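A.B. asks: Sequence:
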Amino acid sequence: MSHPSPSAAHDRGRPAPVPAGPAAWDTDPEPLAIASAPVPEYGSGSLADLLPTLAAGMGVPGLTAAIPELTPADRNCVFLIDGLGWEQLKAHPEDAPFLTSLLATSRGGTGRPLTAGYPATTATSLASVGTGLPPGAHGMPGYTVRNPETGELMNQLRWKPWTDPHAWQPRPTVFRLAQEAGVHAAQVSSPTFADTPLTKVALSGGTFHGRLSGEERMDLAAEQLAAGDRSLVYTYYAEVDGAGHRFGVDSDTWRGQLGRVDRLVQRLAEQLPPRSALYVTADHGMIDVPFDEEHRIDFDEDWELRAGVALLGGEGRARHVYALPGARNDVLTCWREVLGDRFWVASRDEAIAAGWFGPQVDARVYDRIGDVIAAACDDVLLIASEREPNESAMAGNHGSMTPAEQLVPLLEVRT
7 MSHPSPSAAH
17 DRGRPAPVPA
27 GPAAWDTDPE
37 PLAIASAPVP
47 EYGSGSLADL
57 LPTLAAGMGV
67 PGLTAAIPEL
77 TPADRNCVFL
87 IDGLGWEQLK
97 AHPEDAPFLT
107 SLLATSRGGT
117 GRPLTAGYPA
127 TTATSLASVG
137 TGLPPGAHGM
147 PGYTVRNPET
157 GELMNQLRWK
167 PWTDPHAWQP
177 RPTVFRLAQE
187 AGVHAAQVSS
197 PTFADTPLTK
207 VALSGGTFHG
217 RLSGEERMDL
227 AAEQLAAGDR
237 SLVYTYYAEV
247 DGAGHRFGVD
257 SDTWRGQLGR
267 VDRLVQRLAE
277 QLPPRSALYV
287 TADHGMIDVP
297 FDEEHRIDFD
307 EDWELRAGVA
317 LLGGEGRARH
327 VYALPGARND
337 VLTCWREVLG
347 DRFWVASRDE
357 AIAAGWFGPQ
367 VDARVYDRIG
377 DVIAAACDDV
387 LLIASEREPN
397 ESAMAGNHGS
407 MTPAEQLVPL
417 LEVRT
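Numbering (this note's numbering), first residue to last: 7 to 421.
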């Protein structure tokens, strides 16, 4: 998969007028071509393809082994490390010796990563993992998106304002399909996530086991794998992502969390029962964005970007922009002129046609997607300091289609 080189930084100032004439336009940077965005490998190498491939290998009907490099196993465990991208893992071998030793096993021994899907954010990726569907089908295409029925922004990670989970995401999970086919299905995670709406719509099916410590989760995941002749077990670790957001992905705190999760993976790998495959993956990677005006463009202080905008959704590197009635084309034109050399800026229909959200978008999902989509290419962030003060203060960020955010490992240990 090819990735375009980031363009030069856009001048965020408002320069004095220049003389009219053709020569005046020669210095304006060209907007990034929509076709240059590296679309996720839906259907052959994305997170949405993982569980259907594993379940199909265990004989669950109605599912297809979409990742051809993977070999079936009777017992499969997916350990998802929130925020551990492929590029970040490769950049820190001394902090993760065990995970580093498994790099060559990724994606069935090819040594290649998977792609997260767009946007590369937790709610979207967990729904893709659990349902085996791309965002355009499961209907959770961003951190915050507009609810067409209410006109409000819906936070799909924190589930605010409250929306009926099964009306919002009615598709069955792979865990539920596996359980119905006689596979022992289980999730082992923090008790905090036992009854959340996101768990219900993305990871339900089988039994949920809450354990506070990472060590307890690893031990119980191994036990749950052994509990059936055919087993599908999911476990999760969140703290790598939290450290990256707060301190950045090369901070001592982040590296400490990487070392801790490295030891947890080894602990689980050493307890795998016979006929098992452990897959270590992530929901997205992360990129550090400098704290200055060149790299952090503030929507709340930019009158040009605000003009004609009713709602600003998504997150700093993957924005959904909802226009006021009649302003859609003007908003698209303005955002391309202001941001187009550092963001891939597309209309809703252009992004859908390019496959950003998968090969097709369901009718119930269409209006959840912004009238305009802005996905960062450069190391830049579109913050909203007044509307989103907490998110705007994060050091590490994600959401877009750059390799640092999009590529995730699929490390494998088999018995």
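The set of hints was computed from the structure by calculation and includes no laboratory data.
Since this is a predicted model, take the numbers as computed values, not measurements.
Hints may contain errors.
Unchecked claim - Calculated lysine to aspartate or glutamate pairs in the EDC-like style (CA-CA distance at most 20 Å, straight line):
(1) K96 x D258
(2) K166 x E221
(3) K166 x E300
(4) K206 x E221
(5) K206 x D170
(6) K96 x D201
(7) K166 x E310
(8) K166 x D336
(9) K96 x D294
(10) K166 x D385
A.B. asks: Check whether the Cα positions of K206 and E221 lie no farther apart than 20 Å.
C.D. replies: violated (25 Å)
A.B. asks: Please verify whether K166 and D336 have alpha carbons no more than 20 Å apart.
C.D. replies: Judged against 20 Å, a Cα distance of about 30 Å means the pair is violated.
A.B. asks: Holds or violated: K166 with E310, Cα cutoff 20 Å?
C.D. replies: violated (29 Å)
A.B. asks: Taken at face value, is the distance from the CA of E300 to the CA of K166 at most 20 Å?
C.D. replies: Roughly 32 Å separates the two Cα atoms, so the pair is violated.
A.B. asks: Next pair to validate is K96 with D258; report whether the Cα-Cα distance is within 20 Å.
C.D. replies: holds (16 Å)
A.B. asks: Does K206 pair with D170 here, judged by a C-alpha cut-off of 20 Å?
C.D. replies: Distance of about 11 Å is within 20 Å: holds.
A.B. asks: Take the C-alpha atoms of K96 and D294, compute the straight-line distance between them, and say whether it is at most 20 Å.
C.D. replies: Measuring from Cα to Cα gives roughly 16 Å; hence the hint holds.
A.B. asks: For K166 and D385, compute the direct alpha-carbon distance and say whether it is at most 20 Å.
C.D. replies: Violated. K166 to D385 sits at ~29 Å, over the 20 Å cutoff.
A.B. asks: Straight-line Cα separation of K166 and E221 no greater than 20 Å?
C.D. replies: violated (32 Å)
A.B. asks: Does the alpha-carbon distance linking K96 and D201 stay inside the 20 Å limit?
C.D. replies: violated (35 Å)
The structure shown violates the earlier hints numbered 2, 3, 4, 6, 7, 8, 10.
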